[in-house]
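**Student:** Add chains Y and L to chain E, keeping to what the hints say.
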Amino acid sequence: MLANSFAIILLSLVVGIPPLVFLFFAISHGQFDNIGATADSIFEVEELRYSRPWETREQAEERMQRHGGLLRNPQREWERWL
Amino acid sequence: MTRLLVLIMGAMATVIFALVILVILPKSMLSSMQAPPELKEPTAQQLAGRQLYISNGCIYCHTQQVRDPSFTADISKGLGTRPSVPEDYVHDNPHLLGTMRTGPDLFNVGSRLPDRNWQLLHLYQPRALVPWSIMPAFPFLFRHKAEAEPGDKVLDVPKPHAPADGVVVVTEEAEALVAYLLSLKHDYPAPNDPLKPANDNPENDNPEEAQP
Amino acid sequence: MTEAVASPRTQQDSTLDHSKLRISAEEVSAYDHSGRQPVLLGFFIAIIWLLAGTVMGDISSFKFDRPDFLTEQAYLTFGRIRPAHLNVMVYGWASTAMFSVSLWLMPRLCRTQLRWAKAAVAGILIWTVGLGVGVALLLAGYSDGLEWLELDRIWADPLLVLGAALVGASIWKTLSVRNVHHLYVSVWYVAASYPWFLIIFIAGNLPIFQGVESAAVNWFYAHNALGLWLTTVNLGLIYYLLPKIIGRPIYSYWLSLIGFWGLALFYALNGMHHLIGGPLPSWMIATSITASIMMVVPVVAVGINQHMTVVGRFGAMRYSPALTLAVIAAMSYTAVSLQGILTALVSVNRITHFTHWTIAHSHLGLYMFVTLSLFGGMYYILPRVLKKEWPSTRLIRAHILLVGGGMVLYVVALGIGGVLQGLSLLAPGQGFEASVESTRPWLLMRSVAAVIISAGHIVFAYHAYLLAFTRHGSIRRHPPFFEIKPVLVRKKAP
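Chains as they are written, first to last, in the working numbering: chain E, 1 to 82; chain Y, 1001 to 1212; chain L, 2001 to 2494.
Keep in mind that a hint or two might mislead.
Here are some of the chain E residues that sit facing chain Y, going by a computed Cβ distance under 8 angstroms [what the hints assert, rightly or not]:
no., residue
1, Ile-8
2, Ile-9
3, Leu-11
4, Ser-12
5, Val-15
6, Gly-16
7, Pro-18
8, Pro-19
9, Phe-22
10, Ala-26
Okay, derived cross-link-like pairs now, SDA-like style, lysine to any residue, Cα gap no bigger than 20 angstroms in a straight line [to be verified]:
no., chain 1, residue 1, chain 2, residue 2
11, Y, Lys-1040, L, Gln-2210
12, L, Lys-2173, Y, Met-1012
13, Y, Lys-1185, Y, Gly-1110
14, Y, Lys-1027, L, Phe-2201
15, L, Lys-2118, L, Leu-2162
16, Y, Lys-1077, Y, Gly-1110
17, Y, Lys-1077, L, Phe-2432
18, Y, Lys-1027, L, Pro-2207
19, L, Lys-2173, Y, Lys-1185
20, Y, Lys-1159, L, Glu-2072
21, L, Lys-2387, L, Leu-2466
22, Y, Lys-1027, E, Leu-10
23, Y, Lys-1027, L, Ala-2203
24, Y, Lys-1027, L, Ile-2202
25, Y, Lys-1027, Y, His-1091
26, Y, Lys-1145, Y, Gly-1110
27, Y, Lys-1145, L, Phe-2432
28, Y, Lys-1077, L, Leu-2198
29, Y, Lys-1077, L, Val-2419
30, Y, Lys-1159, Y, Val-1169
31, Y, Lys-1159, Y, Ala-1128
32, L, Lys-2118, L, Glu-2072
33, Y, Lys-1027, L, Thr-2287
34, Y, Lys-1077, Y, Pro-1189
35, L, Lys-2173, L, Trp-2155
36, L, Lys-2173, Y, Met-1009
37, Y, Lys-1077, L, Pro-2428
If you're looking for bench data, these hints aren't it; they were derived computationally from the structure.
Glycine included, every Cβ here is placed at the ideal spot set by N, Cα and C.
Next comes chain E alone, as it looks inside the complex (with noise of 0.2 angstroms):
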């Protein structure tokens, strides 16, 4: 139907291939595996240890668990502002 589809299959085929083949070479070469670690990434030694007023008990504990012994913010953030 429209006159120049010649042209518009090639442009999207010239634009679309080149970032799914390095897509590929990306996850061949391993880069997307362990991607759950990049979430971990925004914070700072020890910053999720850090005691957070708000949670509740349950929180506090699992925080524990996961993280170790929980340590007060040396920035004191949460009794200024954050």
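**Tutor:** Showing chains Y and L alone in chain E's frame:
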């Protein structure tokens, strides 16, 4: 590096794809569109008026499009006799379709309100003619003089809205804007399917296509 | 050093050596410092534009209630002040603050100093000059005539393009020398936003389109400015702030991927839903309606992801104004997106199109999502860059209540007004007057809301001034909102 390339190329691919589908492709498809014969090229005065329409932001309250009667009341409310089609806008640069109907649609205002003096007074003070109107007044499109000079066109403003003394004189800008508004009439019939290429395949020419 | 608060009863420490993976507080501080100049410059300029845009918005709103208000001068006419308000808010307040947010996030997430910071500073200044020129010309009557693209394409737009390109160059240069193996989700959102913005802005401003093509490219640009620039940088910010403040990683990284690529794929095709019923080939409008409906996928993915990260810990909002604003912004994003998807359906669109509903919807998005997110970002970022705390609990509370409450009033009032207007426009036998009359009380309420919001902005600007330029900053002993009786979370025994 690979990861960055995936990100940038993927992001580019998606936006370019959309550009092609929504902008480049339609541009080439609509390039063969012809102006309907009854739709004249705008005159210099109408173009000047159109620029005033743009520079004073009329599009922020007024639309210029009549929608299909199958799901809207545009036609039954008198905005036009038929829905607007792409050909109606071939001379429009840029488009002024608008997105708000704080004020009425103007696609056919030249048919609905063809009186020049009405339009001029309405621009000077909308509430002089339409008491419930919330349209701003445009006194700066007119000149307030102590007395009329020879050659001046004086606007006849009703008492409550007229200035305490002096006269209101119509300027070239006001005339141009009104000329533009009055040119907004599309009472000719809609042309045929705009997506059929005009002279693509002579052997497939449909005899009906010869009609304008 | 750190003090122990509680010890586990079973395991002494977790087995993973987190210090090998985690960033240290000193490093973070250094990265914040590297971007200090452009970040502070951007926020300062953004607040000035916010105040200017607020005045313009108020004037525009009052003109609906008193149409003869300030009509003598051309530069104050509604048709110029209203687009000036939009351009100042979108390109002045939001975009400039987003430059600062991007320049602050990138060094942290890439674990390296901000590169080409001077280019970023130059970019912000050039952008500001471009916007200033554009708005001055707009008020003088020089408009390109396209909504969201009014700024003059000869004198203003090239400066805007250059400014954004310089900031983007700083972002990408920093990204290219990163010290991290993986790219956190916020990096994709922020980094992709710059090439996206530049491409769509240039495409939208090219003077090669006429007639309905011009309409298609207009709304291709305007809608993508929302979704591929304003939305993306703020989603990037929220994806960082929510887990960081709460202290839990984002719920599902795969959902983040789906959210990002779903947005990239579907959002860009949405633009024509602004032209439903309009004189465009029907396949274009159908494509946009379809793409709009498909947006449910990334929007719900993002919503679930963010909700599950915060769920059970909404009480944290009492301790952090940044979190409060980020959570409200995140919920508003989901709300405005779902509302937008509904509005793209023809059955709803026939009522809401061309009415004030559109304005209510746009403020739900641009204010309750974008602006509140940027306020939250500033509450979090400014103390870290200035190394001083916000001086006053009361001013924060006043600000958030005024702007939050004011905008909720705005959106609800104008939403109702818009629907009534739309129903009136459809009702047979009702003249145009009925639609205008039906909106008047709601427009008045919008003006009331505007005044409330303006007060909130003045409070915020004053507080920011106190923070940055005076010695008022003091260590607070108690968390904010401490005096308020906890509603969501039962208060723990000390």
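**Student:** Was the hint right that Ile-8/E lines chain Y, CB cutoff 8 angstroms?
**Tutor:** Ile-8/E check passes; min Cβ-Cβ to chain Y is 7 angstroms, inside 8 angstroms.
**Student:** Assess, step by step, whether the Cα of Lys-1159/Y is no farther than 20 angstroms from the Cα of Val-1169/Y, and give holds or violated.
**Tutor:** Distance of about 16 angstroms is within 20 angstroms: holds.
**Student:** Does Gly-1110/Y sit within 20 angstroms of Lys-1185/Y, going by the straight-line distance between their CA atoms?
**Tutor:** It holds: about 5 angstroms lies between the C-alpha atoms, which stays within 20 angstroms.
**Student:** Are Val-15/E and chain Y close enough, Cβ to Cβ, to be under 8 angstroms, as the hint says?
**Tutor:** holds (5 angstroms)
**Student:** Take a quick look at whether Lys-1159/Y and Glu-2072/L sit within 20 angstroms of each other, Cα to Cα.
**Tutor:** holds (19 angstroms)
**Student:** Can the restraint linking Lys-1027/Y and Phe-2201/L be considered satisfied, given a maximum Cα separation of 20 angstroms?
**Tutor:** holds (18 angstroms)
**Student:** Report holds or violated for the interface hint on Phe-22/E, using the least CB-CB distance to chain Y and a cut-off of 8 angstroms.
**Tutor:** holds (5 angstroms)
**Student:** Next pair to validate is Lys-2173/L with Met-1012/Y; report whether the Cα-Cα distance is within 20 angstroms.
**Tutor:** Holds - the C-alpha atoms of Met-1012/Y and Lys-2173/L are around 18 angstroms apart, at most 20 angstroms.
**Student:** What's the verdict on Lys-1027/Y and Ala-2203/L, does the C-alpha distance respect the 20 angstroms limit or exceed it?
**Tutor:** holds (13 angstroms)
**Student:** Hey, Lys-1077/Y versus Phe-2432/L, does the alpha-carbon distance stay inside 20 angstroms?
**Tutor:** holds (9 angstroms)
**Student:** Are the Cα atoms of Lys-2387/L and Leu-2466/L separated by 20 angstroms or less?
**Tutor:** At roughly 14 angstroms apart (the allowed maximum being 20 angstroms), Leu-2466/L and Lys-2387/L satisfy the hint.
**Student:** Starting from Lys-1027/Y, check that the Cα of Leu-10/E is at most 20 angstroms away, please.
**Tutor:** This hinted pair holds, its Cα atoms lying about 18 angstroms apart.
Consistency with the previously given hints fails for numbers 2, 19, 26, 27, 28, 32 and 35, ordered from lowest to highest.
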